[in-house]
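Chemist: Below, each chain spelled out in residue letters.
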Amino acid sequence: MSTAHAAGETHQPVFVGPTRAQLEALFPKYPTKQSVLLPALWLVQEARGWISEGALHEVAEVLGLTPAYVKGVVTFYTMYHTHPVGRHFIQVCTTSPCNICGAEEVTKAFLRHTGCGELGATSPDGRFTVIEVECLGACGFATPVLIDDDFVEGVTPERVAGILQGYK
Amino acid sequence: MGYPHPSHAGEHPVLSKHFGDAGARTFDGWVKRGGYEGLKKALGMTRDQVVEEVKASGLRGRGGAGFPTGMKWSFMPKEVVKPHYLVCNADESEPGTFKDREIIRWTPHQLIEGCAIGAHAIGAERIYIYIRGEFTHEHRILLAAVDEAYKGGALGANVFGSGRRIDVVVHRGAGAYICGEETAMMNSIEGKRGNPRIKPPFPAVAGLWACPTTINNVETLAAAGHILRQGGAWYKGLCRGNPKSTGTKLFSVCGHVQRPGNYEVVMGTSMKELIYDMCGGMRPGRTLKAVIPGGSSVPIMTPAEVEDCLLDYEGVVAKGSMLGSGGMIVMDDSTDLVYQVMRLARFYAHESCAQCTQCREGTAWTTRILEKILAGKGRREDLDLLLDLADNMTGKTICVLSDSCAAPVVSAIRKFPAEFDAYISREKQPVMVTA
Ligand SMILES: Cc1cc2nc3c(=O)[nH]c(=O)nc-3n(C[C@H](O)[C@H](O)[C@H](O)COP(=O)(O)O)c2cc1C
Ligand code: SF4
Ligand code: FES
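Sequence lines, in order, name chains A and B. Here our numbering is used: the first residue of the first sequence is 1, the next is one more, and so on. Here our numbering is used: the first residue of the second sequence is 1, the next is one more, and so on.
Hints listed in this document are in silico derivations from the structure and should not be mistaken for laboratory results. Take the hints with a grain of salt, since some may be wrong.
Derived pair list, reagent style SDA-like, types lysine to any residue, alpha-carbon separation capped at 20 angstroms [as the list claims (entries may be wrong)]:
(1) 192/B <-> 163/A
(2) 192/B <-> 32/A
(3) 272/B <-> 211/B
(4) 29/A <-> 140/B
(5) 108/A <-> 163/A
To spell it out: a stretch of chain B is covered by chain A in this simulated footprint if at least three of its residues, at any positions, have a beta carbon under 8 angstroms from a beta carbon of chain A; those stretches are [stated by the list, open to error]:
(6) 72 to 80
(7) 312 to 326
(8) 395 to 406
Built from N, CA and C at the ideal position, the CB exists for glycine as well.
Work the whole structure out from these sequences, hints included.
Modeler: Okay, here's the thing in structure tokens:
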């Protein structure tokens with residue numbers, strides 16, 4: 001089965017095979033289907049890297065919600081990507097506690113070494129996207145950076161080039 | 001202990017005793033260190049007895065508001081007509097706060113044990129632990145620990161043979177500071193946008209899925225295990241003379257100190273001792289300029305206010321601020337306070353859920369005015385405008401995010417007027433503000 005959506009592309013269903021099983025395992029944990037929305041969106045993002053219009057429709061369908069409702073929720077939360085991002089997604093904390101410890105210099109170093117140029121843009125080789133985020137809850141380890149699912153503490157501009165080598 | 005630094009003699013490690021010790025992370029490791037004794041004891045007591053023990057300890061909520069935990073638990077209906085729920089707040093996104101993360105990453109069973117005790121005390125069978133999406137590593141640790149706790153009999157249909165059912169569901173957030181607010185968190189668990197709800201009804205009456213619900217912070221619940229194990233009277237004895245603030249508290253200290261980290265001290269310890277003795281004070285050649293003591297949502301303190309401030313709920317209020325979450329942001333004389341206050345205002349503007357006009361407009365407008373002042377285009381009247389705006393943002397909205405934005409702005413203008421004057425009089429070079 002594939003669902004056609006607004007942009008005319010075909011959407012390959014996410015909730016098949018093991019991902020379907022993961023979704024099914026969530027239902028007994030909540031008294032309503034709607035409550036499975038956030039974990040279901042995480043499953044989509046883990047499988048596809050972002051949440052496309054087609055995936056959004058599929059989630060709505062399996063949970064018995066309207067696509068407009070799902071879109072309203074997806075856009076509320078900053079960690080769900082509604083556009084494709086680079087292969088590695090880099091989030092640098094620049095809120096005050098990290099800011100006073102030099103976080104903006106760390107951000108600049110990431111922009112420089114990845115070739116992204118500006119915040120939110122993807123590098124020409126498709127490898128990286130860099131964004132600034134608000135407090136990551138690790139302020140004593142300035143500057144913390146979240147690269148995909150890896151939480152890196154104590155990042156300084158000097159460490160950036162070395163850290164990036166681990167992400168091809 | 002002052003993780004990641006060695007313990008200091010001024011500390012009193014209870015919750016943080018095993019930080020840095022990976023052996024404490026497993027079920028067996030936790031049991032070996034005396035873990036789950038508190039839960040076993042609680043299961044042999046009635047709901048009321050557990051609540052009384054926690055009341056006797058004087059424990060107050062560590063999430064920010066300092067509400068007495070035993071009293072909060074006693075608000076839950078005695079008869080379980082609809083299901084009762086416990087929600088554990090592991091959203092930890094208040095700038096300056098990073099203590100709950102440490103509890104989860106080193107001692108996940110300490111939290112699970114506390115959660116199970118809380119569930120028993122309020123008549124709940126199910127606990128939702130809401131962990132912020134960015135805590136990827138802690139999320140994995142917690143899931144593994146929950147698995148182990150089921151296998152070890154600390155969770156499930158018959159917890160430690162008591163006949164009591166207690167289940168834990170770990171629910172992952174997805175990036176929204178406001179979901180740390182209790183009613184926003186409930187909406188988020190229900191699969192909705194994280195908008196705070198109008199109160200009343202209070203969660204104990206109608207919380208998750210309109211059922212009676214209690215919500216507690218990670219550190220609060222972790223403390224419950226120790227209180228049950230060693231007794232409420234023992235916990236209450238941990239204080240330095242003020243019986244309204246008892247027990248130990250984890251302080252996350254960050255910013256310009258030599259040894260940032262999590263320090264656990266007895267309530268009533270001096271702030272100066274924490275900043276200078278334990279954290280090593282400022283870097284060489286630097287002096288203290290300001291401290292935001294309770295996470296970024298509270299008024300800024302001057303060095304004079306820090307001087308003889310005692311670290312407990314009343315002590316910090318007496319010095320013009322609040323203990324909040326215990327996230328201390330220390331700033332030395334290299335700090336541009338106007339810039340940092342702008343960054344904080346921008347944080348709140350970014351995180352406002354936009355339901356209330358005063359908050360949605362106020363946080364954005366405050367940020368723009370501060371940016372304008374930084375850019376060298378400020379006028380004296382702008383400060384009055386900021387104060388006026390702050391007045392309109394305080395005490396008038398569904399939740400206190402709006403007040404939280406106003407607090408640092410107002411206190412900075414009142415206590416550090418020279419910082420603003422320097423930009424307004426063009427004495428100081430304008431700053432390029434990147435958004
Ligand atoms: C905007 C906002 C954000 C909050 N964020 C958190 C948070 O990240 N963690 C937390 O424990 N409490 C947070 N709180 C406080 C909670 O609403 C709630 O009071 C707390 O979890 C209750 O637990 P306690 O009684 O154990 O402190 C926040 C409150 C507000 C208004
Ligand atoms: S005060 Fe702000 S964050 Fe709180 S409910 Fe109103 S708009 Fe939302
Ligand atoms: S301010 Fe950077 S992690 Fe908290």
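Chemist: Hint by hint, say whether it matches the structure.
Modeler: Results for each hint:
{"no.": "1", "hint": "192/B <-> 163/A", "result": "violated, 37 angstroms"}
{"no.": "2", "hint": "192/B <-> 32/A", "result": "holds, 12 angstroms"}
{"no.": "3", "hint": "272/B <-> 211/B", "result": "violated, 45 angstroms"}
{"no.": "4", "hint": "29/A <-> 140/B", "result": "holds, 18 angstroms"}
{"no.": "5", "hint": "108/A <-> 163/A", "result": "holds, 14 angstroms"}
{"no.": "6", "hint": "72 to 80", "result": "violated (count 0)"}
{"no.": "7", "hint": "312 to 326", "result": "violated (count 0)"}
{"no.": "8", "hint": "395 to 406", "result": "violated (count 0)"}
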